[in-house]
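Per UniProt numbering, the sequence shown starts with residue 1, numbered consecutively.
Source of the hints: derived by calculation from the structure; they are not laboratory data.
There's no promise every hint is true.
[As the list claims (entries may be wrong)] Here are the simulated distance ranges between beta carbons: (1) Arg36 - Ala236: 18 to 24 Å; (2) Arg167 - Thr300: 39 to 45 Å; (3) Ala124 - Leu279: 29 to 35 Å; (4) Pro202 - Glu76: 33 to 39 Å; (5) Gly9 - Asp80: 29 to 35 Å; (6) Glu155 - Ser63: 32 to 38 Å; (7) Gly207 - Asp32: 26 to 32 Å; (8) Ala124 - Gly269: 25 to 31 Å; (9) Asp135 - Ile228: 31 to 37 Å; (10) Lys105 - Ala284: 40 to 46 Å.
Idealized CB from N, CA, C, for every residue including glycine.
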Amino acid sequence: MTRTGSVPGRPFGRLLSAMVTPFAPDGSLDADGAARLAAHLVDEQQHDGLVVNGTTGESATTSDAEKDRVLRAVVEAVGDRATVIAGVGTNDTAHTVELSRAAEKAGADGLLVVTPYYNKPPQAGLIHHFRTVADSSGLPVMLYDIPGRAGVAIETETMCRLAEHERIVAVKDAKGDLGESAWVIKRTDLAYYSGEDKLTLPLLAVGAVGVVGVPTHVFGPDTKRMIIAHEVGDVALARELHLKLLPAFCGFFRTQGVILTKAALMLLGLPAGPVRPPLVSANAAELGRLREDCAEAGRTIGSADQMAHHNELGVAL
1 MTRTGSVPGR
11 PFGRLLSAMV
21 TPFAPDGSLD
31 ADGAARLAAH
41 LVDEQQHDGL
51 VVNGTTGESA
61 TTSDAEKDRV
71 LRAVVEAVGD
81 RATVIAGVGT
91 NDTAHTVELS
101 RAAEKAGADG
111 LLVVTPYYNK
121 PPQAGLIHHF
131 RTVADSSGLP
141 VMLYDIPGRA
151 GVAIETETMC
161 RLAEHERIVA
171 VKDAKGDLGE
181 SAWVIKRTDL
191 AYYSGEDKLT
201 LPLLAVGAVG
211 VVGVPTHVFG
221 PDTKRMIIAH
231 EVGDVALARE
241 LHLKLLPAFC
251 GFFRTQGVIL
261 TKAALMLLGL
271 PAGPVRPPLV
281 SANAAELGRL
291 REDCAEAGRT
301 IGSADQMAHH
311 NELGVAL
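Model the full assembly from the supplied sequences, consistent with the hints where possible.
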């Protein structure tokens with residue numbers, strides 16, 4: 001596979017997932033599992049890139065040392081044929097700078113930097129934070145705009161000012177405001193990636209170039225077909241695929257997205273393991289509904305025997 005990170009206007013490819021971090025049954029890091037999962041996503045699920053140590057990677061409950069280990073494992077596994085983006089965002093600028101420099105040393109191709117959360121900085125603080133992080137390494141930066149989690153949005157004027165920085169090149173957009181996103185796309189050269197799977201096609205329609213998804217762990221090929229169909233002007237096929245995938249795009253978030261993504265991967269026999277507290281594993285009812293959502297979207301995951309087996313192991317209680 002040819003790496004896609006150098007494509008003009010699409011710096012990290014079309015299809016990426018915010019990859020889960022596999023854990024062993026005792027909750028310890030499964031670095032070998034991370035390497036196997038990364039290879040599966042690239043080789044079988046047609047991914048152009050992976051985001052490691054993002055929110056879906058349970059970055060809130062992994063140590064800096066664990067982040068470094070999983071990033072190095074993924075870079076070694078797929079770094080020759082896919083872009084590897086390191087999630088480094090925190091609500092502490094100095095800590096984010098440390099993680100950015102460590103990610104560069106570990107071989108990452110880019111950085112995902114989320115809006116500082118909980119402390120709700122003003123827009124001037126966001127500009128200072130993102131510019132400081134972008135100055136701290138030679139890696140391209142993808143901003144992660146997710147006000148529902150961070151408590152503050154990156155406003156349009158702020159985004160336009162940040163776009164002036166030579167290493168701030170992309171946005172993972174989970175704002176849910178297509179109008180404001182369109183204005184930024186019109187006024188800047190930032191490459192927009194959908195951060196909400198169900199809004200990928202609408203965001204493509206106003207100029208986005210791809211997705212950093214979650215259900216894409218399981219529905220990568222069809223999601224990529226949808227993106228390419230839109231690119232080549234086959235609007236009917238893009239819409240058909242969007243509607244086909246909508247049950248999965250929504251179903252993976254009936255509870256916290258990491259929980260059901262790991263459940264789906266386990267039912268498919270892929271590395272995932274448990275979630276770390278304060279998250280809790282999917283219960284039997286959630287697993288049943290997940291299987292229904294995936295089936296409606298065109299993918300059968302797991303059998304009744306597999307579900308019972310996971311219940312016996314205490315993976316889904």
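Okay, the hints, checked on the actual structure:
1. Arg36 - Ala236: 18 to 24 Å: violated (37 Å)
2. Arg167 - Thr300: 39 to 45 Å: Given about 43 Å between the Cβ atoms, the range holds.
3. Ala124 - Leu279: 29 to 35 Å: holds (34 Å)
4. Pro202 - Glu76: 33 to 39 Å: Hint holds: Cβ distance 37 Å, inside 33 to 39 Å.
5. Gly9 - Asp80: 29 to 35 Å: violated (23 Å)
6. Glu155 - Ser63: 32 to 38 Å: At 33 Å between Cβs, range holds.
7. Gly207 - Asp32: 26 to 32 Å: At 40 Å between Cβs, range violated.
8. Ala124 - Gly269: 25 to 31 Å: Distance hint for Ala124, Gly269 is violated at roughly 49 Å.
9. Asp135 - Ile228: 31 to 37 Å: With Cβ atoms ~35 Å apart, the hint holds.
10. Lys105 - Ala284: 40 to 46 Å: holds (44 Å)
Checked against the numbered hints above, the structure breaks hints 1, 5, 7 and 8 and satisfies the rest.
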